[in-house]
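A.B. asks: Following the hints, complete the assembly by docking chain B with the ligands onto the known chain A.
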Amino acid sequence: MVELTIDGIKTKVLEGTTVLEAAKEMGIVIPTLCYHPGLSPYGACRVCIVEVVKGNRSSLEASCTLPAEQAQVILTNSDKVRKTRKVIVELLLASCPNSKTLQDMAANMGINKVRFKIKDRGCILCGLCVRYCNEQMKSGGIGFVGRGTSRRVATAFDVTPEECRNCGGCEWICPVCERACTAGNLIDGLCGGCQNLVPVETCPICTGCSESVGPHGHKVY
Amino acid sequence: MNSQTLYHYSLYYWVKQLHQSPLDVSNSLCWEGVEKGSQTLDNERERVEAIVGEYGASRDSLISVLQDIQSALHYLPEHALRTVASQLSLPLIQVYGVATFFKAFSLKPRGEHIVNVCLGTACHVRGAPAVLDEVKRRLGIEPGETTEDMKFTLETVNCLGACALGPIVVIDGNYHGQMLLGKVKKVLREIERRTQRDETHE
Ligand code: SF4
Ligand code: FES
Ligand code: FES
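If you're matching them up, the sequences are chains A and B in order.
Reminder that position 55 of the first sequence reads as 55 in my numbering, one-by-one numbering, no gaps.
Reminder that position 21 of the second sequence reads as 1021 in my numbering, one-by-one numbering, no gaps.
Quick caveat, the hints were computed from the structure, so don't treat them as lab data.
Check each hint, because a few of them may be wrong.
Unchecked claim - Result set (DSBU-like, lysine-lysine): computed pairs, CA atoms no more than 30 Å apart in a straight line: (1) K119/A x K1103/B; (2) K1103/B x K138/A; (3) K119/A x K1185/B.
The shape of chain A in the complex, shown without the other chains (with noise of 0.2 Å):
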């Protein structure tokens, strides 16, 4: 057992869990994207970032990866993290302008202005779809491609690959919910959702709330 001081309240937990995960036991809310319970940890999208105190200066870590341990100070969201997390919300929003998740993401930090020049590239590397095909399916279908600018979520010759099951997880998953559909440029593409279900239903006057209809969505009005 580690004993940590997260926002001033001392906690004990078990050695080997994350600072994300000993917060999240204490109910404290730090926002994540890359970061998802089932499973491995990635550190992609710094947007869980939190302020380590050691003495009299402190550091910025990304919570998801950070080891807890004995005697350490963490701060989740004071005035330096905000602002930094502000700014990465910010940059992750310019490369993905039209992302629901992102959106209100910043809404809720209170973003109404992206100051970068908007490059829509409708995926932020996140690397949650590549680790469910990976981890969850033991597919291993699709993987990032290239390096630095060119770096993208692809399948191998950006082909279907054998190993894909049509399970569409990666879509699932995506909190950009666009980039792992390639069903434009595959063969038969990748996650097959749009082939295996029948029609979605709307209600006669949708407006978009962008709540699913049907079984465990709204009720059709």
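C.D. replies: Relative to the frame of chain A, chain B with the ligands by itself:
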């Protein structure tokens, strides 16, 4: 529609699709092979298999295998990546990801000689663009391309860490510093002469 029917529905479509489109790997056959005729392709295949065979089935040897194939064939053909993936029991995408990550690997056929012109800041101010233009003119290709006789591939880099020698052109790992337009001609000639000599020797 309740969730049960929805589930059956999607299952039905899924199974139907499985039957309709058996995965056809042959239509993704590598384009290089088609052009090159089946004999070279068979030859390539054999060499790839020999190289892969040397390494056994250890996943750690992925990069070494790819390096060997790259230096033997001057590129990594699709069938080679597939062979490597199945031999090392790695997902194809992982092999593909590594092959596209490193600049040393190329998925397109590359020439015998790699001409690398540095366009880094220091070389740039010392006149690298003019050197590049001269090389382009002499070889008749753009950066990233290969001459038709498969002799030269032209590439550019951003700083080789030898700025004091700029502008720099690296040919097959040999550094030619302080390049001048006249020197480009000399160096390229030299290489052509050397390959000719090698060929007659053989
Ligand atoms: S496609 Fe979506 S899930 Fe996959 S890396 Fe990009 S943003 Fe993340
Ligand atoms: S959630 Fe921690 S870096 Fe993305
Ligand atoms: S800029 Fe050419 S070697 Fe540094």
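A.B. asks: Now, for every hint given, state plainly whether the structure supports it.
C.D. replies: Structure-based check of all given hints:
A distance of roughly 25 Å separates the Cα atoms of K119/A and K1103/B; the hinted pair therefore holds under the 30 Å criterion. For the hint linking K1103/B to K138/A, the alpha-carbon distance of about 29 Å falls within 30 Å, and the restraint holds. With a CA separation close to 42 Å, the supplied pair K119/A and K1185/B exceeds the 30 Å bound.
Violation of the numbered hints given earlier is confined to hint 3; every other hint is satisfied by the structure.
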